[in-house]
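Sequential numbering from 1 applies to the sequence shown in my numbering.
For the record, the hints were derived by calculation from the structure and aren't laboratory data.
A hint or two may mislead.
[Stated by the list, open to error] Here are the in silico distance ranges between beta carbons for each label pair:
1) 163 to 213: 20 to 30 angstroms
2) 99 to 68: 18 to 28 angstroms
3) 97 to 159: 52 to 62 angstroms
4) 68 to 95: 32 to 42 angstroms
5) 27 to 68: 50 to 60 angstroms
6) 221 to 190: 19 to 29 angstroms
7) 113 to 187: 49 to 59 angstroms
8) 102 to 182: 54 to 64 angstroms
9) 17 to 40: 39 to 49 angstroms
10) 191 to 111: 30 to 40 angstroms
11) 43 to 72: 40 to 50 angstroms
12) 199 to 113: 55 to 65 angstroms
13) 106 to 156: 45 to 55 angstroms
14) 71 to 46: 34 to 44 angstroms
Because the structure is a prediction, the values reported are computed rather than measured.
C-beta atoms are modelled at their ideal positions from N, C-alpha and C, and glycine is treated no differently.
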Amino acid sequence: MHMDFSINWITLLASIFNLLLLYIIFKRYLFGPLVNIIRKKKEEWQKKDEELRKREEEIKQAYAKLEEEKKRLKAELEAMRERMEKEIEEEKKKLLEEAQKKADTVYKHTVNAAHAEAARIIEEATKEVGKIITISTTNILNNFLGTSSQVCLLKMLFKRFAGDIKQYAFKAGKGIILELPWYVLPEEEKEIRQCLEEIGVSIAGIKVNPDIISGFRLVYKDYVLDATLNRYISEAIGDRI
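Go ahead and model the full structure; you've got the sequences and the hints to work with.
This is how it looks when you write it as structure tokens:
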């Protein structure tokens with residue numbers, strides 16, 4: 001059996017041509033569009049990937065800014081809270097101080113009012129008691145001793161108010177009138193003048209003044225000095241209270 005291994009160049013060239021033609025056709029009408037589609041898709045994917053990366057970076061930056069803003073707001077809130085607590089504490093302290101001052105003022109006013117009322121009551125009671133004692137003492141002296149008791153009372157009052165009498169005489173000078181609640185006999189007037197001269201005071205005359213309950217009054221123009229039994233008793237009671 002004889003086999004022919006000779007090459008048919010025409011057939012081979014035709015096959016190669018067909019393959020090239022097929023390659024060109026595939027490349028032009030099949031692989032080309034497919035490659036273009038793949039390239040476009042790849043470009044789109046790359047573009048989207050870049051956009052996603054860019055978006056991710058923007059999100060990261062925005063998140064970082066939000067974190068910074070969050071920290072800043074937190075710090076501001078903390079500072080505001082501390083400032084408000086401080087202001088509240090200061091206001092509370094101020095209100096407490098004002099309340100304490102008002103309470104102290106009210107307390108002082110109350111105490112002062114109470115002291116003033118107590119002093120007024122004591123003063124009125126002292127005057128009333130002194131008046132009652134004066135009238136009673138005067139009546140007793142008049143009933144038992146007569147007018148001589150008045151001279152004794154004057155001597156006691158001269159001695160008690162000697163300082164006031166000297167000061168009054170120094171201011172008034174001469175021309176002082178002695179007012180008494182009763183008519184004075186010559187002997188009594190002499191004794192009265194002598195008592196006044198012993199303390200360094202001279203009088204121009206003696207006058208009767210029925211408004212005086214018990215005691216005497218020195219008068220010179222607008223200068224007046226009252227020295228009564230009522231005053232003597234009131235001052236004595238006041239010194240003991």
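Structure-based check of all given hints:
no.: 1; hint: 163 to 213: 20 to 30 angstroms; verdict: holds, 23 angstroms
no.: 2; hint: 99 to 68: 18 to 28 angstroms; verdict: violated, 46 angstroms
no.: 3; hint: 97 to 159: 52 to 62 angstroms; verdict: holds, 57 angstroms
no.: 4; hint: 68 to 95: 32 to 42 angstroms; verdict: holds, 40 angstroms
no.: 5; hint: 27 to 68: 50 to 60 angstroms; verdict: holds, 57 angstroms
no.: 6; hint: 221 to 190: 19 to 29 angstroms; verdict: holds, 26 angstroms
no.: 7; hint: 113 to 187: 49 to 59 angstroms; verdict: holds, 55 angstroms
no.: 8; hint: 102 to 182: 54 to 64 angstroms; verdict: holds, 59 angstroms
no.: 9; hint: 17 to 40: 39 to 49 angstroms; verdict: violated, 33 angstroms
no.: 10; hint: 191 to 111: 30 to 40 angstroms; verdict: violated, 51 angstroms
no.: 11; hint: 43 to 72: 40 to 50 angstroms; verdict: holds, 42 angstroms
no.: 12; hint: 199 to 113: 55 to 65 angstroms; verdict: violated, 43 angstroms
no.: 13; hint: 106 to 156: 45 to 55 angstroms; verdict: holds, 48 angstroms
no.: 14; hint: 71 to 46: 34 to 44 angstroms; verdict: holds, 37 angstroms
Of the numbered hints listed earlier, those contradicted by the structure are 2, 9, 10, 12.
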